[in-house]
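Residues 1 to 313 (full-length UniProt numbering) make up the sequence shown, in order.
Just so you know, the hints here were simulated from the structure itself, not pulled from any lab data.
The beta carbon of each residue, even a glycine, is placed where N, CA and C say it ideally should be.
Do not take every clue at face value.
DSS-like mimics (lysine-lysine), calculated; alpha carbons at most 30 Å apart, straight line [as the list claims (entries may be wrong)]:
hint: 1; residue 1: K247; residue 2: K121
hint: 2; residue 1: K36; residue 2: K70
hint: 3; residue 1: K188; residue 2: K212
hint: 4; residue 1: K274; residue 2: K116
hint: 5; residue 1: K70; residue 2: K233
Derived Cβ-Cβ restraints for the label pairs, each shown as a range [as the list claims (entries may be wrong)]:
hint: 6; residue 1: S161; residue 2: F32; range: 40 to 48 Å
hint: 7; residue 1: K58; residue 2: A202; range: 39 to 47 Å
hint: 8; residue 1: V276; residue 2: S30; range: 45 to 53 Å
hint: 9; residue 1: E246; residue 2: W171; range: 48 to 56 Å
hint: 10; residue 1: K61; residue 2: S30; range: 49 to 57 Å
hint: 11; residue 1: S139; residue 2: K58; range: 18 to 26 Å
hint: 12; residue 1: L191; residue 2: D55; range: 24 to 32 Å
hint: 13; residue 1: E192; residue 2: K140; range: 37 to 45 Å
hint: 14; residue 1: G296; residue 2: K64; range: 15 to 23 Å
hint: 15; residue 1: E214; residue 2: W171; range: 23 to 31 Å
hint: 16; residue 1: F220; residue 2: M136; range: 34 to 42 Å
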Amino acid sequence: MRLLGTLNKFGKLLNYSLARNFPKRSMACSRFEYVKSFEQDDSILPNVWIVIRIDGKKFHKFSKTHDFEKPNDENALNVMNAAATAVMQEFRDIVLAYGQSDEYSFVFRKETAAFKRRSAKLLTYVTSLFSSSYVMQWSKWMNLPLAYAPCFDGRVVLYPSEQNLKDYLSWRQADVHVNNLYNTAFWKLVLEKGLTNQQAEAKLRGTFSADKNELLFQEFGINYNNLPAMYRKGTILLRKRVILGEKSRQAVVPLHEDLISSQFWKEHTEILGKYVPGTYNAPQTLPRLVEMQINGKELDDEAEEPQNLAGTS
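Just need the whole structure built from these sequences, with the hints factored in.
Structure representation (structure tokens):
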């Protein structure tokens, strides 16, 4: 009897210990789950184009610290392109990405169900993935170590029609032209003519595009239209089939074309159409960004149908 009583007492102590260390989740939820009522519904409207645009924060300081070439640093721009490629490889529902300077825009197809179209989920995933990919890609393009990690913010914008989407992308590309023309003239005056920043600003104040083109040609022998297209038009990333002999592989390819023209949309019907990647009209030498995908493990060669992440929370 004494032994039985001791065992019963031990059993009660064991049950008490287990109850303390392994509480039932249902009990906790029933008591605390009311806090979920404070969450806001951020579901995006159906049947609209979702655009996520990321922008570098304090990139003037970042570019100065890392000695970016002025007015354009090709390698730094390619770090941006490589980071954006990583985002497109993660999200096959992104049909186009467009980048310039320290910003990138990602266009999701209208029917995407990724993350149940939750704005916060899409925004934070794209922004954080881009930021981390930028750090990972840095050493592949730049010749100096990364002094500190860059920071990007992001926003979600919705466009109800194809024309709205085209106008948005046209606006961003027009911004490239205005900024690059000014910066090219400005830094030529500073770096080659020896003007101070304030003197260069004063010289360019009130000038039009034609005036800056004339200045570049007359004083520096530069035909602005002959500068690299990436500097003048930014970078468009599309998913294409790359022909490799008798085979083809799918990859994200960089283009530097005129988004504003109707011809661009006629040549790349997959953006607004059935989302089946077209064939890449590759130059004689493949861009390094494409070679890295083909030669490495970064190929996106899964089914060409857009992904279905409807169940992803």
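### Message
Please list, smallest to largest, the hint numbers that this structure does not respect.
### Response
1, 2, 7, 9, 13 and 14
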